[in-house]
Amino acid sequence: MQVRLVQGPFRPDEELASFIAGLEGDGAVVSFIGLARPADAEGHEVTGLLLDSYAGMTEASLDGIARDALARFPVSAVRIVHRCGAILPGEAIVFAAAAAPHRRAAFEAADYLMDRLKTDAALWKREDGAGGSKWIEPTAADRSDRERWSA
Amino acid sequence: MKILFFGRLAESLGREVELALPEPGCTVAELRLRLGGAVASPAVRACIDRAMVPETTRVLPHHEVAFVPPLSGG
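As they're listed, the protein sequences go chains B and C. Just so we're aligned, residue 4 is where the first sequence starts under the numbering used here, counting upward by one. Just so we're aligned, residue 707 is where the second sequence starts under the numbering used here, counting upward by one.
Check the hints yourself; a few may be wrong.
The following residues of chain B were derived to be distant from chain C, with all beta-carbon distances above 10 Å [to be verified]:
(1) Val9
(2) Glu17
(3) Ala42
(4) Asp123
Partial chain B-side listing against chain C, Cβ under 8 Å, derived [unchecked claim]:
(5) Phe13
(6) Gly51
(7) Asp55
(8) Gly93
(9) Val97
(10) Lys121
(11) Leu126
Calculated from the structure, these hints are not laboratory results. Note that the Cβ used here is the ideal one computed from N, Cα and C, for glycine as well.
The task is simple: from the sequences and hints, build the whole structure.
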């Protein structure tokens, strides 16, 4: 389990390369990269994001999500790298990856990691734009995506 | 004791407030009533020592207490 909360920009390509380099005999890797969008849901320009975090609790929530993925799917490794602090449009916010002997488990675990991160990571996201700032909360779609894994 | 706030709550209330806790402690629900305002919203969750807790949990002076709005990572 490899989990990091980082303040400044990170390179998702380097994360993927080092994740793969650490594997032993897996046949499948699925990775997801979330990027800060330059526009909000209504199409207004976003000049930056702020991700507020709670030292100790945020890291523990990411650890818990990674641990749950390892327990739930036949995967041999997962990695989560999540930004906090100020983020510019186009920068990576999150990198989530899963590795497994075969592809299905890797796809499902990566999907699961992202659905959980959207609703269960102890982070609070604010979009800043020319028209002001807006705190973002999980949408109905985010919550129903999360519910898919409750059964 | 210190009460911490995060996200939009920190923007409106500041990162922390100092509050005198009654001698035998109080429940999360009672603390929420005393703070009022945005903290009274049911969408806001209480945390003790960095874990979310139910309303009936007893708050004691050595606890680290925080109120947090809905989480939004990813």
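Checklist entry - Which of the numbered hints are not met once you compare them with the structure shown? => result Checked against the structure, the hints that fail are numbers 4, 5, 6 and 8, while the rest are satisfied.
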